[in-house]
Amino acid sequence: MVTFEINGQVANVEEGMTILDAAKKLGIKIPHLCYDPRLKPYGGCRLCLVEIEGARNPVPSCAAKVTEGMKVQTDTVTLHEIRKTIVELLLSNHPQECLTCENTGQCALQDIAYELGVREISFEGEKHFHTVTDPSPFVEREMDKCIVCARCVRICRDVQHCSVYTLAFRGFEIIPTTPYDKPLTESNCVFCGQCISTCPTGALTSKISRFKGRPWQTQSTTTTCPYCGVGCQLELITKDGEIIDIQTFPGEGVNKGNLCVKGRFGYGFVNHHERLKTPYIRKEGELKEASWDEALDYIAVRLKEVKKESGPDAIGFLSSSKCTNEENYLLQRLARAAIGTNNIDNCARL
Amino acid sequence: MAGLAAAFGSGAMTNSIADIPKADVILITGSNTTEAHPVLALEIISAVKNGAKLIVIEPRRIKMADYADIYISQKPGTDVELYNAMMNVIITEGLTDKDFIKARTEDFDALEKTLKKYTPEKASKICGVPADTIVEAARLYAKAGAATIIYAMGITQHTTGVDNVLTMANLAMMTGNIGREGTGVNPLRGQNNVQGACDMGALPNVLPGYVRVDDKDGRKKMEEAWGVKKLPDKPGLTAPEMIDAAANGDIKAMFILGENPMLSEANLVHTEIGLGNLDLLVVQDIFMTETANLADVVLPGASFAEKSGTFTNTERRVQPIRQAVEPVGSALPDWMIITMIAKRLGHKMEYRSPSEVTDEITHVVSQYGGITSHRVAKCGISWPCPTPEHPGTPILHKDKFVRGKGKFHAVEYRPPAEVTDKDYPLILTTGRYLQQFHTGTMTRRVAGIEDLAPRCKVQVHPADARKYKVNDGDMIRVTTRRGSIEAAADVTDTIRQGVIYMPFHYAEAAANTLTNAALDPVAKIPEFKVCAANIEPKNL
Ligand code: SF4
Ligand code: SF4
Ligand code: SF4
Ligand code: FES
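Each protein sequence line maps, in turn, to chains A and B.
Position one of the first sequence corresponds to residue 783 (my numbering), numbered consecutively onward.
Position one of the second sequence corresponds to residue 15 (my numbering), numbered consecutively onward.
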């Protein structure tokens, strides 16, 4: 543990923590754009600058570690001015289309501009236009909204180990590019969507969530991925009873906020038109729609018949490794206690 | 599972996911981790980039092999021979952990004796791997401060699956790589809640919490909890055995919850005969699957987003799922449907919500004793967690094995059930794609995912492609003793010569029409990973 002072408050934090992480833990907000807990410090955006007593210049808090006796100020007039200038510069080269942008309401750039009180953009710089239309099924790339924080480059290289993007000149601007500017479908992209999850702006968004809902119109439910045994934690974003997106909290859960293509984009089956919406009973060789009472009564009568004629062990149950613990527990209880057979298995073997 | 339980007393992953990066050496075998457990694979690759050494032992040159310090491509089905040879090297070179063997294990002598004949030279011939590489891998693993073994279905889906797992356990115990950070024997579960389904007693030989059905006191506890006089004491049938029993008329009715054996079981023709022979087949699922199509009654269940409860992940961590949307149409949460059937059968099951079931489980499953609905809502907990104050157990077998002493098993190499011959000269092995999941019931209905992996492809080595006159992208026919399917050829040198590979997600090219239903004698797992096959261009 190290003891330090932040905005006049004395605090103890674990050794080796960065000032930004320590501040976060203490509930002190420092603006940042190139930081993601999953990534190594980059020090690129300089929004997270703080003043340290005795230091000549402000330092990036996402990279600087807390040291014993350190005295930190996170919100001085000077810092405010520096941050405002940085954001104004970024906005001077940013399409002013927040009204229609997919990321509105969850955009870090927008939030920071608002929090810093940026009203007008003083630099009318030259705007870049690099909209890339990528045929990939999941990743929408609008590079004119890129602020070159390199988070996508870094997460794809250092966390996803795919190294799809590199920063390179396109015209007069540096932007993240794919090999030979080819579409993602022709790169070694695995469509994990990690780059979308880290992008602080609307430059990278999920294609299948576009135009489906604004953050203030949606609900978020924390749950567990239904696919493989890793058990990644994720947020189901829903609107009007339908899942419209899946997101994560960077750094949290067994998966630390990472997901694979199935977990991030594989939710479309939930509202698929082929979902079974009613029970069916086979009549004259064909499955016909039935009511719950009909179906359940039929099952109960037939199971009782089989049990009476051939004994409980003439009945077998196959439980599901996709169902919950509770459901598996209840089904084996049904088999053992209600029918009286140990003929119950799940597909662990398959 | 059966293998690890025999050696350690528990069949579950010994260490946690977060613990894997603490290993100095990581041995991956029978797991195409980047495709089947992608997010866990990220952690492994990061660990390798941070200096951990990686050994990959896998017939196909999977992506993980790119990061490996030692990559071994063995002939499918020769794992026991290979690992026995590695252990032979470890003993000959004096690399065993003698203190650990003495203090914590039993039956080492028998193993030592058996291993004498398993020289790397002999294994080299049987496994098709250079003897030097076997020696190197053995040294790297045995000399590590902490080494972990990670495996999946590539190890278990053989007629020798239990033997394969026992050799993993032998290897870990003889080098003292168990019960500490960064060590362990870690089976990765393919589906989200395989671990939980087993923990909950959805198995023919054990009640919830792995209490054997022939354990009188254990049964008594459940009889009291469930308000019944007598629970059956004789082990029931496994899934493949039930299919056999259905085919010969011993099983007359089946209730299948959320499974699609018509794609996932080995030897589908036989599966269809079995299920077709039933007097009553009830299928509860979210789609009209290949299996539901055969049913007499189909019940519409709820998807993961439409109900609440818990899943237990591969590292024994119990985690909540929460309802976010209402079930479609008149579909109902599966737990509710089961209670409605129970009621009609005269067995009282009354719960207002799944969390009441979660709490009932804490009373009857000792490993889940402290995993209350209230606690699990806040964060995941790894069992065993006996009391509400217990923090959970990320590492098993720390001071002693669950069964007391770790038990070595001397296992001999047995060839796969089906060997190649003149008519079926190739070895067919099956697996998964990154994008698709299991029988594709869910993923194949997700638009973009289907775009990324729309077709089943059969991997063929270039030399075999020349020999059998097939070209990359051509439709080919794959035939085994049980059936034949058509799919596109993917000519690639990531596969061994003499071996072909295909995924089992696709109904239109169902790999399990081809696979062998021969079972491991103990675990009753079919031999999905090895069968003899033949290929030819389709238009012949
Ligand atoms: S695309 Fe997004 S994440 Fe990548 S550099 Fe631009 S703003 Fe940053
Ligand atoms: S989707 Fe994943 S692999 Fe593809 S570019 Fe983004 S981070 Fe890289
Ligand atoms: S997101 Fe991918 S890795 Fe994570 S649990 Fe789901 S399927 Fe597995
Ligand atoms: S967040 Fe620190 S420099 Fe960008």
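Hints were generated in silico from the structure; no laboratory data involved.
Among the clues, some could well be false.
The list that follows gives simulated cross-link-like pairs (lysine to aspartate or glutamate, EDC-like), each with its CA atoms no further than 16 Å apart [as the list claims (entries may be wrong)]:
hint : chain 1 : residue 1 : chain 2 : residue 2
1    : B       : LYS63     : A       : ASP940
2    : A       : LYS806    : A       : GLU863
3    : A       : LYS1065   : B       : ASP293
4    : A       : LYS1089   : B       : GLU426
5    : A       : LYS1070   : B       : ASP264
6    : B       : LYS136    : B       : GLU426
Under 10 Å between C-beta atoms, here's a sample of chain B residues computed to sit facing chain A [said to hold, decoys possible]:
hint : residue
7    : GLU135
8    : LYS139
9    : ILE140
10   : ASP293
11   : VAL339
12   : ASP435
13   : TYR438
Just a sample of chain A residues kept apart from chain B, beta carbon distances all over 12 Å, derived [what the hints assert, rightly or not]:
hint : residue
14   : GLU797
15   : LYS847
16   : VAL900
17   : GLY1039
18   : GLY1098
What you are looking at is a predicted structure, and each value in this text was computed from that prediction instead of being measured.
Don't be surprised by glycine CBs; every beta carbon is placed ideally from N, CA and C.
Status of each hint after checking the structure:
1. Proposed proximity of B/LYS63 and A/ASP940 is supported: the alpha carbons are some 9 Å apart, at most 16 Å.
2. Between A/LYS806 and A/GLU863, the direct Cα distance comes to roughly 22 Å. Violation of the 16 Å bound is thereby established for this hinted pair.
3. Note on A/LYS1065 and B/ASP293: the hinted pairing holds, with a Cα-Cα distance of about 14 Å set against a maximum of 16 Å.
4. Pair hint A/LYS1089 plus B/GLU426 does not hold up; C-alpha atoms about 43 Å apart against a cutoff of 16 Å.
5. Restraint check for A/LYS1070 and B/ASP264: the C-alpha separation of about 28 Å exceeds 16 Å, so the hint is violated.
6. About 13 Å separates the Cα atoms of B/LYS136 and B/GLU426, which keeps this hinted pair within 16 Å; it holds.
7. Checking B/GLU135 against chain A by beta carbon gives a least distance of about 35 Å; that is not within 10 Å, so the hint is violated.
8. Because the beta carbon of B/LYS139 sits about 31 Å from the nearest beta carbon in chain A, more than 10 Å, this interface hint is broken.
9. Interface hint status for B/ILE140: violated, as the beta-carbon distance to the closest one in chain A is roughly 26 Å, over 10 Å.
10. This hint holds: B/ASP293 has a C-beta 6 Å from the nearest C-beta of chain A, less than the 10 Å allowed.
11. This hint holds: B/VAL339 has a C-beta 5 Å from the nearest C-beta of chain A, less than the 10 Å allowed.
12. For B/ASP435, the interface hint is violated, since its Cβ never comes within 10 Å of a Cβ in chain A; the closest pair sits about 27 Å apart.
13. Evaluation of the B/TYR438 hint against chain A yields a violated restraint, the C-beta minimum of about 23 Å exceeding 10 Å.
14. Distance check on A/GLU797: its Cβ is at least 19 Å (rounded) from any Cβ of chain B, clearing the 12 Å threshold; non-interface status holds.
15. Every beta carbon of chain B lies more than 12 Å from that of A/LYS847, the smallest distance being close to 19 Å; the non-interface claim holds.
16. The beta carbon of A/VAL900 sits about 36 Å from the closest Cβ of chain B, which is more than 12 Å, so the claim that it is off the interface holds.
17. Once the 12 Å rule is applied to beta carbons, A/GLY1039 is inconsistent with being away from chain B; the minimum gap is 10 Å.
18. Its beta-carbon lying about 4 Å from the closest one in chain B, A/GLY1098 breaks the requirement of being farther than 12 Å from that chain.
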